[in-house]
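Chemist: Sequence:
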Amino acid sequence: MADRNHFWRDWLDHIVKRKQDLMGKKIANLIFLRLNQIKRLTQSVGFLLILLFFICVVGMAAAAIQSLLKLNIWWLIGAEFFILMLLSFGRKDRSFLFTIFESRTALIIYNFVENILLILPFVIFHLIKGHFYTVLLMVLIGFIAACIAAFIPEKADSATKKEIQLIPLQYFELKFLAEKSPMSAYLFCFLGLFTFFHISVLLIWIFLMISVIVAVFTPYEPMEMIHFEPKFVLKKMMSYTKILTIVVLIPFIISILFHPEHWLVASYALICVYLALYLAISAKYAAYTPLRALRYPTVSESIIVMLMLIPGGAIIAASFTCLKYIKAENNLKTLYATDY
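The opening residue of the sequence shown carries number 1 in the working numbering; numbering runs sequentially from there.
Just so you know, these hints were derived from the structure itself, not from any lab.
All C-beta atoms in this analysis are idealised placements derived from N, C-alpha and C, irrespective of residue type, glycine included.
It cannot be assumed that every hint is accurate.
Simulated crosslink set (BS3-like; lysine-lysine; CA at most 30 Å straight-line) [unchecked claim]: (1) Lys-180 to Lys-242; (2) Lys-231 to Lys-242; (3) Lys-175 to Lys-129.
Per label pair, the in silico range of CB-to-CB distance [to be verified]: (4) Phe-194 to Trp-263: 32 to 42 Å; (5) Glu-229 to Phe-258: 39 to 49 Å; (6) Thr-99 to Ile-148: 12 to 22 Å.
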């Protein structure tokens, strides 16, 4: 009887160990897949160069904002938690992860590793500065966000799409993106009204706005959808400027009224969001071809957008945007064989 019990105990231990090894391999393979995707995106410039640049820019920008606005460490921790949860709720592969991982524990471990990779630039920067308590808090928040993300219900796929009548068809890029998640679009605009609370709310909201702008002009646009006319790119930029002004003007005014001492920071953030819009439109049509869909943003445009986080980086972004605009107009003239 003792030998039989020993056999079954060894067999169960072998099964448990095998499942743990298999789960560990799944987590490792998915993490390596993410890293290879990042590497492929940065091969044109160099993976190490992009990584070092990203760590320096993001870390320095976060430290500069924290010092300029005299924020304590809890604002940084709160912003980290907010962004991680926003990414967790918005990710598209949630159902896929639920099918891959059989247990919540394995899913929490995977989410935690992904969160560490996301906050790695901040972690490295604060380690260099010797802020070990800050690093510990950031890692802890990453783990808490991973635990919460593991219990977010699966998103049910639906073919129905609610049309937003408020956005004219002329702005079809913005219209299509907003109709994917109407509640998120309305909630995002509503959050802009909370800029009276602190100037950092405006900065976070502007950062999210820049991310939305990049997402708006990412999809491929067939050639028959372009109603070409002289100065097509310029007219499109001016048209979207009206929409952007309507969206950002009220949060900007609220922020200035409640925090007049930070008017310079708020103005710079406003300039950055307009530059991001002009860069997104110009870069899209500068590389446009009807033969195939091109990936946007490219590495160069991503670097320019990150440069705007550095004080004075908007000057470099403005120069780059002008070059892209000229190239975009000439590219469309060539495609449509016009002499305008």
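Chemist: Hint compliance check: list the failing hint numbers for this structure, sorted ascending.
Modeler: Hints 3, 4 contradicted; others consistent.
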